[in-house]
Amino acid sequence: MSQVAQVAAVAASRGAPISLAGVGKVYPMRRGRSVEAVRDVGLDIAPGEFLALLGPSGCGKSTLLRMMASLEEPTSGTVTVDGAPPRELAARHRLGVAFQDNALLPWSSVYHNLALPFRVAHRPVDRARIAELIELVGLKGFEDARPRQLSGGMRQRVSIARSIMLEPDLLLLDEPFGALDAVTRRRLNAELQRIWMADPVTTVLVTHDVEEALLLADRVVVLSPRPGRISKIVTVPFDRPRALDVTRSARFHAMVDELTAELDALTGGVDSDE
Amino acid sequence: MTGPALAVLGVVLLLAAWQAVAALRWFGTTVCAPTVVVRVFADASSRRVLLDGAGATMLEAVEGFGWALLAAVVVGVLATLLPFLRSGLDQLGTIESAIPFVAIAPILLALFSRDTVPTAMAATTAFFPLYLALVSGLAAVSPAVADLCAALGAARRDTLLRARIPAALPVLTTGMKTAIPLAVLGGVIGEWLGSSNGIGPIMLVAMRNYRMPMMWAAVVVTVVIALLLYGGCAALEWVTARRFG
Ligand SMILES: Nc1ncnc2c1ncn2[C@@H]1O[C@H](COP(=O)(O)OP(=O)(O)O)[C@@H](O)[C@H]1O
Ligand SMILES: [Mg+2]
Chain R
1 MSQVAQVAAV
11 AASRGAPISL
21 AGVGKVYPMR
31 RGRSVEAVRD
41 VGLDIAPGEF
51 LALLGPSGCG
61 KSTLLRMMAS
71 LEEPTSGTVT
81 VDGAPPRELA
91 ARHRLGVAFQ
101 DNALLPWSSV
111 YHNLALPFRV
121 AHRPVDRARI
131 AELIELVGLK
141 GFEDARPRQL
151 SGGMRQRVSI
161 ARSIMLEPDL
171 LLLDEPFGAL
181 DAVTRRRLNA
191 ELQRIWMADP
201 VTTVLVTHDV
211 EEALLLADRV
221 VVLSPRPGRI
231 SKIVTVPFDR
241 PRALDVTRSA
251 RFHAMVDELT
261 AELDALTGGV
271 DSDE
Chain W
1 MTGPALAVLG
11 VVLLLAAWQA
21 VAALRWFGTT
31 VCAPTVVVRV
41 FADASSRRVL
51 LDGAGATMLE
61 AVEGFGWALL
71 AAVVVGVLAT
81 LLPFLRSGLD
91 QLGTIESAIP
101 FVAIAPILLA
111 LFSRDTVPTA
121 MAATTAFFPL
131 YLALVSGLAA
141 VSPAVADLCA
151 ALGAARRDTL
161 LRARIPAALP
171 VLTTGMKTAI
181 PLAVLGGVIG
191 EWLGSSNGIG
201 PIMLVAMRNY
211 RMPMMWAAVV
221 VTVVIALLLY
231 GGCAALEWVT
241 ARRFG
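Protein chains in written order, with the UniProt record's numbering: chain R, 1 to 274; chain W, 1 to 245.
No lab work stands behind these hints, which were simulated from the structure alone. C-beta atoms are modelled at their ideal positions from N, C-alpha and C, and glycine is treated no differently. Honestly, I wouldn't trust all of these hints.
As the list claims (entries may be wrong) - Which chain W residues stay away from chain R? Per the calculated CB distances, all over 10 Å, these:
#1 31
#2 90
#3 142
#4 148
#5 152
#6 154
#7 243
#8 245
Stated by the list, open to error - According to the in silico footprint, chain W covers these stretches of chain R (three or more CB under 8 Å from chain W):
#9 109–119
#10 225–236
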């Protein structure tokens, strides 16, 4: 590949657009009660955009993401991915997901966990692609390890690698680093940024970490406590890669403060989770 | 004290209590002391009879267990792939397990020859615990893994193959461990219904002729069969727990 083509390839973003219109979700509970998790959310996500959903825990972030993943149906409004119901993208094996619970198969090695997307898509397992991603997430030499032999950070690396295995048209990440310590978390944030820049596909990241959102996203959507509604949308102005020079800048700090204040105001300084 | 030491102590205490009950004649002459039973095994011809019976009973139990396992897998997978069948099948299974031996006996006698009734009875008793273990095992996959499979667009049978079945194996082998002594029990009861092979007839003949040492030896052999098969299943459970747990 020529130098020019390579640069162009790096810059080219791709992926499925998402459209949410008047989306609400009510979970039925026992004895006729119900929980309204999300109310009247309207949002358009452009192809190749990296969007962060930020909000206090319990505000419906996961619910929104799960509706985009076809794991939940909205009770009102519509969710479309690439102009169709989300289920169609999933059925075409064009969706990549990673959750806080890494969802690795405990009985399978790293290699076989990474081969799973090929297997359920009935495609020949591409050993070279698996090797490439193992290298990309820094797990060379751990191909035969089982998840329980890995650290939490390594498991999430496997989970991220699996999510992009088939070069999906949409990447949905639900607090993938939520259970990690701060240092590991920042390191994996930087890695995710690098991975995403190599193939900037439409991505929605759920997080309650303001810095993580600002480090990674093109836009940050702040949700209010239950029922989750859009309370603020912030466009992140920094060029990528966003390294220390960005995160230490006064502008970055000002945005962190702004969003933190917004979250504080929303929760009234108390934990919204019951 | 370590586990094995405690187990040995337990067996010794049990034997001592048994010996005491026999020596004190609490139940007259019906209870033979372990030392008397050991003498039965020392006699070559009784040993021959007991071993032949043990072989036959063990075969029936294992064969019946195998059929029960096969049936449990077929029905359990059906119940998982076709959720609308699930509650109906669960109900049928519960009813099947609630039918007492005496009620099943005439049905089996009508369906099978006297020498296959023990195998059928072993299968009938082992089926329900195996079915339960399989169905709960197939549901034991973590919600996150189930979500992952759905998001990856996995067909139901692929989710079954890649996630549910591996997750079910440790649960199933635990179920096998509890079901196999039931298969032995079912086999022996099946033999009482007129079979000519196995430990069951030996027990009946010994009882009718008031040959108590022989009867107690047959009881010991039955327990040993159940323990051996249980041990085999426990080993299998250990292996699958390490591989798939
Ligand atoms: N399957 C469910 N059944 C009932 N209530 C649910 C379910 N999933 C989420 N909820 C409720 O909906 C609200 C939003 O949950 P969630 O989307 O997980 O929030 P977040 O990801 O922002 O922490 C919470 O109050 C939660 O208890
Ligand atoms: Mg959540």
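Worksheet item: Of the hints stated earlier, which fail here?
Response: 3, 4, 5, 6, 7, 8, 10
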